[in-house]
Each structure stands twice: as structure tokens, then as C-alpha cells.
Amino acid sequence: MKQISVLILILAVAMMMTVYEGRSIAEDETVGGGEIIYSKPVKSVLFSHKSHAAMGLDCNACHEKIFQMEALSAQNKADFNMKGLYDKKYCGSCHAKDGMAFASDTQCARCHIGTKGFNKAPKQVKK
Amino acid sequence: MITKKINIEGMKRENPDIIPSLERRDFLKLGLLITGVFAGGSILSATSIVGKAFASTREFTEQYPYKPHYSMVVHQDRCIDCELCMTACVKTNNVPTYGYRTQILERVDRKAVERTREFIPVLCNQCNNPPCVVGCPTKATYKNSKTGIVTMESKKCIGCKTCMAACPYNARYFNEETRAVDKCDFCFNSRLSKGEKLTACAEVCPAKARIFGDLSDSGSEVFRTVHNLEKTVWVLRPEAGAKPNVFYTKG
Amino acid sequence: MAEDVTKTADAAVLTGWRAGTAGVLQSLQGTRGYYAALIISGLLLLAAVAAGVHAQYVGTMHAYGASREVPWGILISTYVFFVVTSTGLCLVSSIGHVFGVKDFMPIAKRAIFLSIMTIVAGFFVIAFEIENPFRMAIYNVISPNFTSNIWWMGTLYGAYMFFMAVEFTFLVINKPRIATIIGFMGVVAGIAAHSNLGAVFGMLHGREFWYGPYMPIYFIASAMMSGAATIIFFTWLAYKVNGQKMDALMKKALQVTTKVGILLISVILFFTAWKFITGFVGGEAKTAALEMLLTGSYAFNFWGLEVAAGMVIPLALFILSRGQNLKMIVTASALMIFGIFFMRYDLVIVGQLVPVYYEMGVNEYSQLLSYTPSAHEILIVLGGMGFVGLTFLLGEKVFGGHKSEIH
Numbered sequence: 070m071k072q073i074s075v076l077i078l079i080l081a082v083a084m085m086m087t088v089y090e091g092r093s094i095a096e097d098e099t100v101g102g103g104e105i106i107y108s109k110p111v112k113s114v115l116f117s118h119k120s121h122a123a124m125g126l127d128c129n130a131c132h133e134k135i136f137q138m139e140a141l142s143a144q145n146k147a148d149f150n151m152k153g154l155y156d157k158k159y160c161g162s163c164h165a166k167d168g169m170a171f172a173s174d175t176q177c178a179r180c181h182i183g184t185k186g187f188n189k190a191p192k193q194v195k196k
Numbered sequence: 003m004i005t006k007k008i009n010i011e012g013m014k015r016e017n018p019d020i021i022p023s024l025e026r027r028d029f030l031k032l033g034l035l036i037t038g039v040f041a042g043g044s045i046l047s048a049t050s051i052v053g054k055a056f057a058s059t060r061e062f063t064e065q066y067p068y069k070p071h072y073s074m075v076v077h078q079d080r081c082i083d084c085e086l087c088m089t090a091c092v093k094t095n096n097v098p099t100y101g102y103r104t105q106i107l108e109r110v111d112r113k114a115v116e117r118t119r120e121f122i123p124v125l126c127n128q129c130n131n132p133p134c135v136v137g138c139p140t141k142a143t144y145k146n147s148k149t150g151i152v153t154m155e156s157k158k159c160i161g162c163k164t165c166m167a168a169c170p171y172n173a174r175y176f177n178e179e180t181r182a183v184d185k186c187d188f189c190f191n192s193r194l195s196k197g198e199k200l201t202a203c204a205e206v207c208p209a210k211a212r213i214f215g216d217l218s219d220s221g222s223e224v225f226r227t228v229h230n231l232e233k234t235v236w237v238l239r240p241e242a243g244a245k246p247n248v249f250y251t252k253g
Numbered sequence: 104m105a106e107d108v109t110k111t112a113d114a115a116v117l118t119g120w121r122a123g124t125a126g127v128l129q130s131l132q133g134t135r136g137y138y139a140a141l142i143i144s145g146l147l148l149l150a151a152v153a154a155g156v157h158a159q160y161v162g163t164m165h166a167y168g169a170s171r172e173v174p175w176g177i178l179i180s181t182y183v184f185f186v187v188t189s190t191g192l193c194l195v196s197s198i199g200h201v202f203g204v205k206d207f208m209p210i211a212k213r214a215i216f217l218s219i220m221t222i223v224a225g226f227f228v229i230a231f232e233i234e235n236p237f238r239m240a241i242y243n244v245i246s247p248n249f250t251s252n253i254w255w256m257g258t259l260y261g262a263y264m265f266f267m268a269v270e271f272t273f274l275v276i277n278k279p280r281i282a283t284i285i286g287f288m289g290v291v292a293g294i295a296a297h298s299n300l301g302a303v304f305g306m307l308h309g310r311e312f313w314y315g316p317y318m319p320i321y322f323i324a325s326a327m328m329s330g331a332a333t334i335i336f337f338t339w340l341a342y343k344v345n346g347q348k349m350d351a352l353m354k355k356a357l358q359v360t361t362k363v364g365i366l367l368i369s370v371i372l373f374f375t376a377w378k379f380i381t382g383f384v385g386g387e388a389k390t391a392a393l394e395m396l397l398t399g400s401y402a403f404n405f406w407g408l409e410v411a412a413g414m415v416i417p418l419a420l421f422i423l424s425r426g427q428n429l430k431m432i433v434t435a436s437a438l439m440i441f442g443i444f445f446m447r448y449d450l451v452i453v454g455q456l457v458p459v460y461y462e463m464g465v466n467e468y469s470q471l472l473s474y475t476p477s478a479h480e481i482l483i484v485l486g487g488m489g490f491v492g493l494t495f496l497l498g499e500k501v502f503g504g505h506k507s508e509i510h
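So the sequence lines, in the order shown, correspond to chains A, B and C. Counting from 70, one number per residue, gives the positions in the first sequence under the working numbering. Counting from 3, one number per residue, gives the positions in the second sequence under the working numbering. Counting from 104, one number per residue, gives the positions in the third sequence under the working numbering.
Honestly, the hints are just simulated from the structure, not real lab data. It is possible that some hints are incorrect.
Unchecked claim - Cβ-Cβ distance ranges computed for the label pairs, FRET-style:
#1 Thr234/B to Ala123/A: 31 to 39 Å
#2 Lys93/B to Thr175/A: 13 to 21 Å
#3 Leu231/B to Ala230/C: 52 to 60 Å
#4 Ser220/B to Lys152/A: 31 to 39 Å
#5 Leu141/C to Asn188/A: 51 to 59 Å
C-beta atoms are modelled at their ideal positions from N, C-alpha and C, and glycine is treated no differently.
Extracted from the complex, chain A is given alone in its bound form (with noise of 0.2 Å):
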């Protein structure tokens, strides 16, 4: 008897232990890119991933249409700036005077997470 219950025990832990693994795959903070810390023209502006896909956005949303796949290329742009937003482009997308999402020229330092920010954030997010 005590050995049969044991094995259930063992049973049962393992099942939920592959459960979790699952859902802990799903809500996982480096899913499709985790935190985006861009320190080009400025330091430095926050994107996250997890907030944008938590809104029902998947991948092909902004890549590669607005967003390249590669993290941080966009920095390298030349008119990766406020303009270029206001212009509608990356971020502009959505971030527009009557767009999907709050205006670029409102809430600043709801993305520009600036010099601390940077600071604050761990290595790999970042250049």
C-alpha cells in the first residue's frame, strides 16, 4: 500500500511538473524578444514585448513590416527619432494622433525610461 502511493505521488508530481514547464513556456519573459532597451539618439526608450503581446498582438504585427526581426536595428536608422514617429513610422504605427495606441507626443517618459533606466537594466537587453 505505501509503496503504490509513493509511485502515485511521483506520478502525479512528474504530470505537473510537465504542466508547468508548459505554461511557463507560454509566459515567458524572453518570448518573442522580452525587453527592448534602444540607447540611439537617446538613452534610452523601453519596448516591451510581453506588455504588446499581453494586448493580442502577435509576431507579424509589426515584423517585418515596421520592426526588423533583429533586436536594437532600428536604433541605427537615421530617422528613427521623434519625427520619424510623428511621421508614422515604427512605433509611429500606432503611436499616432488617432491611432490605435497613445499618442508619441503625450505620456514621454511612459517609454523614455532614460539614463536610469539604462542603468537599471541588465546587460544583454541592451547596447
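With chain A fixed as given, assemble chains B and C onto it according to the hints.
Below, chains B and C alone, put in the same frame as chain A:
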């Protein structure tokens, strides 16, 4: 002075332990004259000799004794903490690495709706009733009578650091090279006196968060922002009574 | 006469060493103990000068614990401690000497001497704190700022020191009447200077812990409390150093000084209680500072050192002693001097540990600041005490125990 001459030799006294009440009364009469000595330090300190009372955000008087009356308006919602202003300030004014003349503060309110973070640039407010100028024993810091900028005369600074303790805005630091306290002077020595119109920080800010100008010019942007009843304009720590010349707003 | 004293002293030294702690004190009666104390004081003074000069050389911002946000450290609080003590000694001596209350006469001369030595000790300490003391000598004179409490305090303390020195000289050359007039001028200058020192803190509207009319008033009352404690302790110590017994008049003088002590401790306890009670309806910055003292990182300093050692235990001892039990009175005085040193320290430091932007709720200034005195600063503080010790010991011998016709 003492109205009655004290004739020490002629005094009839055997016991040196007792000072006659007559003499004591004479000494007490001195008290009326001497009260001035007590009051002198404190009363002179309490009435500011630096400009008459004016210009906090609520009380607008039309007296601006300075020409130009340099002032800055900070749009707190535009600052993105790129810190280009701090870099420009250091480069323009030879600020040492251990000090700073301007700083960006970060406030986070996790319960805030939508945006939860803001950046607040702070610098010397060039106050109209500056506690540093009132307290400096040698007038090493003084309010420039033409421009209103609170200026340092480094050679007179004795390093007592009363101005650093007095400043409600942590605007001052001790510079070891000049052996004097240093602070923002609105780039007067480095730029304004040489014909430039803007401070280094105001010029380099990419978000136009710092608007610098002449408050005595009714056409200037600073004037039109501060004297606009539609806008909410405030100063930092108004309870300190320093009557700052740096204003904050949003929008 | 001198040989008798020396013979008794040597015997006392031997007994003292066998007796332990009490013996250490007893050994001060002997010439050996006297010279030991003299040498230690001198060494402390030399160490302080070395530390101070070295600090100027490497830069005071590196050698001292002060910083941009906490510009005033233990050197400032020690300066305050010494000048408060000096003013207090002047006031206590003036009760007898200037205002003619006979019972206070015996302590007057020593009190005046010590008031000079403590103010010089204060200047000694602050000379190392100010970055450019030589500029001060010039520009305080040619570019004075009459709205500056610091300027008034410096100038008036200079005048005060001059008056006290002149008064003492006239007492030594036995011209008590002129000494009394000069003494009165010293009292006036002292009170003016001292209340301006209080106002240095009290008129800083940006520092909520200090701001208000309380500081100048509190400083004067606190000075008298310090002065009473200091003169009791040093009078007792002097009689040990000189190896003499106190006569009835001196004992009476200590008794009445104890009464002054009781009164002033009660006044200061009252002041302190109301400062805290009224402070709690102030802003967050003020409340944060008060809480630091009541329950925070300075709670031991406040309750243990300031309140218990500095005021409550001495008060109890003073009352129980009825002004007659010398051991109790002297213990109380010693505790008071010790506790009052920390009273000044807490006042100066805690007033700065709440950042000026505390109420803005920003990340950079939401925490309380901290300050630790550096080795350099501590050495200079000890040097100031060494100076007082040195001049006190020498003064007892040079001026023959400060006896005068008045006593």
C-alpha cells in the same frame, strides 16, 4: 551711555563682596542701548535686502528690478532623462566629476493611471529671497543687481558651507580646485556674458523641457507661460520662502 | 609647604593605584598624575594639528565624513559644544561676579578662565573645518554681510573673547570693579553671539528640523545648563589637582550652582518635550527627523545619551544630593558634559540627514542620509578637548587655584 559718572575712588565701601545697587542700576541702563546689538543680527537677517517681495506663482507683482530678469520654465512632462543637459553643463562650465550643477530626479508612482514615471530637472533656482545670500558672512555669494543671477565671487568664499546648508534645493557643492562653493549661474560666465542667448542645458535639450528667457520681456515664452492663468505653474518648496525664479509646469 | 604637598601626593598615588577606578582619580592629586594628564592633553593637541593639516592637504571632502548633502559634521557640532559651554561658563560666573550674588563668587574666576579656554578650543576646532580660514580673516573685515548670522556670531564671539580675557586680567591684577564692568560687556556680547549661533540654524527656512524661533532661545538656556555642569566638574577636579580641601564657601557655591543646574535641566526638558510635540504637526521632513531620534537610527543617542545621561539621571542626582553630596553632584556633572556633547552632535547631524527634497517622493531622495565622522575629524575633536585639559591644568598652577580676595 552711562548718565552718571561712576566715581570708583570716592566710593565708600568696606566690603568688596557687595556691589552697591547704584552701580548695578547704571549697568542696567546700558541695556537699552545694547539691545540693538542683540536685535541687529537677527532683524537684519529677517528683512531681505535682496529685492522686494515678488513673484511666486500666486502673487504676481509687476516689479522686476532686473533687466534682463533671467528665468527658466521647466516642462516636467517633457523630460526624458537623456541627461544631455547634464553633459552639456559639465562641459561648458568645467564642473568637476564629483559635483554637479543640475540634476534629474525620478519619481515613480506605481498606482498612477497609464504613465507611472516622471523626470524632474532641478538646478539653482536663482531665488529672489535667497537664503544663501542672506547667510554668507563675506558676501562671497550675492544677487547680481542687473540680471538677478545669484553669483559667486570665489575669492571671498571662506568655505563655511552655510550656503550649502541653507539652500532648500541642494544646488551647491564645494569645488576643490577653486576652493570655493560652486553652483549654476545660468551659464552667465560661460555663455550669456559672451552674447549667447540660452544656457547650455536649455539649448541642448531635445525635448524642449527647459525654456530659458527674460521674465521682464512680456513677449518672451517664459513670461507668457508664467503669466498664463490657464496654465498650472508652480515652484519647488514654496514653503521655504526663497521665492524661486525657476518655474515648473506641464503641457 | 610645597614639599608637604608632594609627600602627601606620592602616598596618595600609591593608594590610588591599588584602589582601582577611584584610584585613577585619586592619582591625579599627585604630581605624577598631573604630568601624565598634561602630557596626554598635549599629545592629543599635537595629533589634532597633524590630522587637521593633513586633511587640508588631501582635501577636506576626502578626509572628513561631510558631503554635499551633509556639509556640517562633527567639527561643527564640537564647535557648538565648546562655544555653548563657554557662554554658559560666562553666564554662570556673571551671576556672582557681575550681578553680585555673593554665594556664586567662589566659582567665578575659574569659570571665566575656562570660558576663555573653551572658546579658544572651539575656534581651534572650527579653524580646521572652514576651508579657507585665512580668507575669513580678510573678508570678514572688508566685506561683511550684516544679514548673516554667521558673520554676527563670529564678530561677536571675537569681541566676547576679548572682553573675557580682559576681565580675567583685571581679576588677576586685583581690580574687581573694572573687571565687573568688562564682565557685563562680556555677558552682553556672549548672549548676542550665542543667540546668533542658534539663529544660524533657526533661520534656515529650508531645514524644517532647525527652522523657527526656538533655536536662539534654546541655545541660551542650554548654555547655562552646560556652564553649571562644567564649572561644578572642573572645580571638583581642580581641588583634586591642587590636592586641597574645599572650604565652606566653595561648597556653598557648588550647592547653589547645583540649584541652577536643576532649574535649567527642567527648562531644557520642557523645551525638548514641546519641540517634539509641536514638531509632529509639521511636514513629513520634520516628522522624519523627529522619528529618527525617537525610534530610528539615533534613538540610542537621544534616549540614552541626551535624555538619560545628559538630563534625567543628572537631575535625579542633583536633587537627591541636596547640593551637598559631592560625589553625586560631580557624577551628575560629568554625565551631563558627556550627554550634552551628543546633544549638539544630534542637533547638527539629524538636521541634515533628511534630504531637502524628501517630501518630493523622488527615488534619489526618499531615503534618509547618513553621516559617520572620519578618523581625522575625531582626532581634531579630541585635540580640542586636549587643549581644554592642557590649559586647565596649567591654569591651576599658574593662577594658584584661581583664588581671589572675593573668595
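How the hints compare with the structure:
1. Thr234/B to Ala123/A: 31 to 39 Å: Holds, at about 34 Å.
2. Lys93/B to Thr175/A: 13 to 21 Å: violated, 32 Å
3. Leu231/B to Ala230/C: 52 to 60 Å: holds, 54 Å
4. Ser220/B to Lys152/A: 31 to 39 Å: holds, 32 Å
5. Leu141/C to Asn188/A: 51 to 59 Å: With Cβ atoms ~57 Å apart, the hint holds.
Comparing the model with each earlier hint shows a violation of hint 2 alone; every other hint is respected.
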